[in-house]
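A.B. asks: Chains A and B, in that order, are what the protein sequence lines are. Here the first sequence is numbered in the working numbering, starting from 1 and rising by one per residue. Here the second sequence is numbered in the working numbering, starting from 1 and rising by one per residue.
Hint data in this document are derived by calculation from the structure and do not stem from the laboratory. Don't take each hint at face value.
Claimed, not checked - Think about it this way: if two alpha-carbon atoms lie no more than 27 angstroms apart in a straight line, the pair counts; the simulated DSSO-like pairs of lysine-lysine are:
no.	chain 1	residue 1	chain 2	residue 2
1	B	Lys290	A	Lys306
2	B	Lys292	A	Lys247
3	B	Lys366	A	Lys423
4	A	Lys4	B	Lys290
5	A	Lys375	B	Lys366
6	A	Lys375	B	Lys227
7	A	Lys76	A	Lys112
8	A	Lys168	A	Lys147
9	A	Lys375	B	Lys5
10	A	Lys306	B	Lys292
11	A	Lys5	B	Lys290
12	B	Lys227	A	Lys306
13	A	Lys360	B	Lys332
14	A	Lys22	B	Lys290
15	B	Lys290	A	Lys375
16	A	Lys24	B	Lys172
This one's a predicted model, so the numbers in the text were calculated from it and none came from an experiment.
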Amino acid sequence: MENKKLLEVKHLKQHFKSGRGKNKMVVKAVDDVSFDIYDGEVFGLVGESGCGKTTTGRSIIKLYDATDGEVYFDGKRIGGGPQIFFDRIAELKEEARMAALEFDPAKLAQEKIKNEANASLAKIDSSDKTKIAEVKKAKAEKLAALKAEVKSNPEKFAKNTEELAKVKAKYNEEIAEQKKQIHLLKTDNALKGDTLRTMKNIQMIFQDPISSLNPRMTVREIIAEGLIIDGEKSKKLIDEKVFNILKIVGLLPEHAFRYPHEFSGGQRQRIGIARALIVEPQLLIADEPISALDVSIQAQVINLLKNLQEELGLTILFIAHDLSVVKYFSDRIAVMYYGHIVELAGSDQLFAHPLHPYTKSLLSAIPLPDPHYEKTRQRFAYDPRSHGYGPGEMPEFVEIEAGHFVLASPKEVEQYKKDILLKDNIVKS
Amino acid sequence: MEREKILSVQDLAISFRTQQGILKAVRGVSFDLYKGETLAIVGESGSGKSVTSRAIIGILAGNSIHAGGSIYYYNSGVKSVKQAKMADGDMSQSKNEDVIDLMQIDEEHFHRLRGTKISMIFQDPMSSLNPIMKVGKQISEALYLKLGLSKEAAKARSLKLMEEVGIPDPEKRYYQYPFQFSGGMRQRIVIAIALANDAEILICDEPTTALDVTIQAQILELINRIKEERNLSVIFITHDLGVVANMSDRVAVIYAGKIVEYGTVDEIFYTPKHPYTWALLSAMPDIDSKEKLFAIPGTPPDMHFPPVGDAFAPRNKYALQIDFEEEPPFFKLSDTHYAATWLLHEFAPKVEMPSSLSERINRNLKRFNREAK
Chain A
1 MENKKLLEVK
11 HLKQHFKSGR
21 GKNKMVVKAV
31 DDVSFDIYDG
41 EVFGLVGESG
51 CGKTTTGRSI
61 IKLYDATDGE
71 VYFDGKRIGG
81 GPQIFFDRIA
91 ELKEEARMAA
101 LEFDPAKLAQ
111 EKIKNEANAS
121 LAKIDSSDKT
131 KIAEVKKAKA
141 EKLAALKAEV
151 KSNPEKFAKN
161 TEELAKVKAK
171 YNEEIAEQKK
181 QIHLLKTDNA
191 LKGDTLRTMK
201 NIQMIFQDPI
211 SSLNPRMTVR
221 EIIAEGLIID
231 GEKSKKLIDE
241 KVFNILKIVG
251 LLPEHAFRYP
261 HEFSGGQRQR
271 IGIARALIVE
281 PQLLIADEPI
291 SALDVSIQAQ
301 VINLLKNLQE
311 ELGLTILFIA
321 HDLSVVKYFS
331 DRIAVMYYGH
341 IVELAGSDQL
351 FAHPLHPYTK
361 SLLSAIPLPD
371 PHYEKTRQRF
381 AYDPRSHGYG
391 PGEMPEFVEI
401 EAGHFVLASP
411 KEVEQYKKDI
421 LLKDNIVKS
Chain B
1 MEREKILSVQ
11 DLAISFRTQQ
21 GILKAVRGVS
31 FDLYKGETLA
41 IVGESGSGKS
51 VTSRAIIGIL
61 AGNSIHAGGS
71 IYYYNSGVKS
81 VKQAKMADGD
91 MSQSKNEDVI
101 DLMQIDEEHF
111 HRLRGTKISM
121 IFQDPMSSLN
131 PIMKVGKQIS
141 EALYLKLGLS
151 KEAAKARSLK
161 LMEEVGIPDP
171 EKRYYQYPFQ
181 FSGGMRQRIV
191 IAIALANDAE
201 ILICDEPTTA
211 LDVTIQAQIL
221 ELINRIKEER
231 NLSVIFITHD
241 LGVVANMSDR
251 VAVIYAGKIV
261 EYGTVDEIFY
271 TPKHPYTWAL
281 LSAMPDIDSK
291 EKLFAIPGTP
301 PDMHFPPVGD
311 AFAPRNKYAL
321 QIDFEEEPPF
331 FKLSDTHYAA
341 TWLLHEFAPK
351 VEMPSSLSER
361 INRNLKRFNR
371 EAK
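So here's chain A without its partners, still in its complex pose:
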């Protein structure tokens, strides 16, 4: 594609921590997701509920602080998470400690005793309390003996202070470098200056048009809020813009002075769209914009979004679970499963050659308004174990054909390539 990349998501991770102590849990809602969205395209993100597609959208627009990874908009970093630097710092600190041991015989001896004790503890069954106590006691005795020895013979255990300082300085420098990176990221993350101005170009519409509109604000206030935050002071200009955007989304200017509860579901969703469009964004994140609407209204909103996209040249990240709507709407589609993107391809390509078993299973589950088809439909269930990944066979995100990526192990890549050839031959003959 010749178009420029508008949004780049690189190794985005969003982990949620909950609980303390032994109840501590980390939910990896989004785990290493990378994709690019080109200027002017509609990028569909599909997956079942809980797969992290909404979280991805929310992390991009910074409703959550990302755990790790980077998000670039139009070449500028607008967000990301510092986890990778924190991990590196922890690693460096451990390395520094190990390196320092060499020049500190007392600590080295201590470390040896501790390691031995831990090794024997690991062998013991955790329910065997007496044995554990024995090992711990032996360790304490040895440590005490060592302490006494160090005291009686300080020369033998003397530290090499000069070398220690060198090691410390070397690692401190590296840690400072990592800290600098974190600081840079934090400046990019903060909603100030350049980032704030760039973030204006990304707007979001939400799934539930009832809970996403403040019931105490009139439609004018809701829509104008973005403009006011943006520093617009002229009431006349605001009114003009609000009335204009209302017309664009298919409402009437007099609706501006009503409250959200006076509108039907479809109209409320139009208000949500108007609110997003008033600041003239380049990228619109649409998080299941039609799932909460009635059938006959869904088509109205789909048509509206499609018209807006064509007329205003919007780029849209379209998040949904309904594959036939996503197919209709999107140029490219990414399929998500439990925090990972498992397949990414052009929408026709994806439907013609679904490769990943999860994509196949999703496709086979779409109900179509066609009784003959439905009566003969074969559904595949997806079982992540079916891959049978052995150790050292981690699946990677590989480009199988131009623009078609899939998460697969090397063995599967071969198989998928064969599948595509086979299917092409069948179509040709």
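Got chain A sorted already, so can you dock chain B onto it with the hints?
C.D. replies: Only chain B this time, still in chain A's reference frame:
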């Protein structure tokens, strides 16, 4: 028709008293349900599809008014209920002794039918299960309350039911709470409860709307399998036409409290005649759609003031003058297919379905023919 009629809804009308006045939710709905078939009732929210089903199982809200019509239930086999009917002096169906009008019997008698004869699955499995009661108890409760089984027998039967609806490891699951189940598993529990007392009519009120596509497919397969195994009659309420195509034998399309078209599933999907059915069918894209969607303008009417004539006329670009003045009767298209639209009248101008829809139907039929070969 040879098939055995099990339920017959005739001219049912139900209104609700609300602050804004009388809301006419159902305005004269008639249909029959035969043994072993699935009847789908399709419509958007507020069209009266849920109200109809709630009337059948007798759980209408307190502010409802029975404005007219009957729901006849055949071969109930419930003696006292039959006597109650006699006492009510309902003579309209007195030829057949084993017929009762569900709109006439009182709650005490309805209690014996509900669950044992007519059962229901609701949309949201979380809110239809008791969150502070173990799942097993919720299933067996129906068994020892209604059938008078001992607790042990009830448990044995519940475990069998759980197995039947595809819950792995039922022994362990029996003692768990609803929050420990996923959405699909919860819906399976709800189905198990609905089936506990061998009901013959199962009403499914949007059972998969709250579920994911893949889970939805599993639940639909389960309902289909159980329907076959038990020879159930199913009333399936939904707005998703893809689901309808999968599940049903016959379809009734309902709009603003009235059925506008009914027929077999093939007739509705391949030769629809009512403009509302056209609109519904073409409102959602399928995987081959490229053209602009045919959206229905406007919103459904306010049922406090139901429109005169054809309720769909204000949103219908094919509407004729008469649609705004007089309500269309049902026009017969085949023995099984009827549609209520003036377009089918002999004096009406010839109007074809939107081209995008006819193209899609042709495409589907072609694919089917190709695969059949």
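A.B. asks: For a C-alpha distance cap of 27 angstroms, please report whether lysine 290/B and lysine 306/A respect it.
C.D. replies: holds (12 angstroms)
A.B. asks: Regarding the pair lysine 375/A and lysine 366/B, is the alpha-carbon distance no greater than 27 angstroms?
C.D. replies: Roughly 16 angstroms between the alpha carbons, so the hint for lysine 375/A and lysine 366/B holds.
A.B. asks: Is it true that the CA of lysine 227/B sits at most 27 angstroms from the CA of lysine 306/A?
C.D. replies: violated (41 angstroms)
A.B. asks: Next pair to validate is lysine 168/A with lysine 147/A; report whether the Cα-Cα distance is within 27 angstroms.
C.D. replies: holds (25 angstroms)
A.B. asks: Decide if the proposed pair is consistent with the structure: lysine 306/A and lysine 292/B, CA atoms, cutoff 27 angstroms inclusive.
C.D. replies: At roughly 9 angstroms apart (the allowed maximum being 27 angstroms), lysine 292/B and lysine 306/A satisfy the hint.
A.B. asks: Has the given pair, lysine 76/A with lysine 112/A, been kept, meaning a C-alpha gap of at most 27 angstroms?
C.D. replies: Violated, at roughly 49 angstroms.
A.B. asks: Decide if the proposed pair is consistent with the structure: lysine 290/B and lysine 375/A, CA atoms, cutoff 27 angstroms inclusive.
C.D. replies: holds (25 angstroms)
A.B. asks: For a C-alpha distance cap of 27 angstroms, please report whether lysine 360/A and lysine 332/B respect it.
C.D. replies: violated (42 angstroms)
A.B. asks: Are the Cα positions of lysine 375/A and lysine 5/B separated by 27 angstroms at most?
C.D. replies: holds (25 angstroms)
A.B. asks: Would the hint linking lysine 366/B and lysine 423/A be met if the CA-CA limit is 27 angstroms?
C.D. replies: holds (21 angstroms)
A.B. asks: What's the verdict on lysine 4/A and lysine 290/B, does the C-alpha distance respect the 27 angstroms limit or exceed it?
C.D. replies: holds (25 angstroms)
A.B. asks: Within 27 angstroms, alpha carbon to alpha carbon, are lysine 24/A and lysine 172/B?
C.D. replies: holds (25 angstroms)
Hints 7, 12, 13, 14, counting from the list given before, are not met by this structure.
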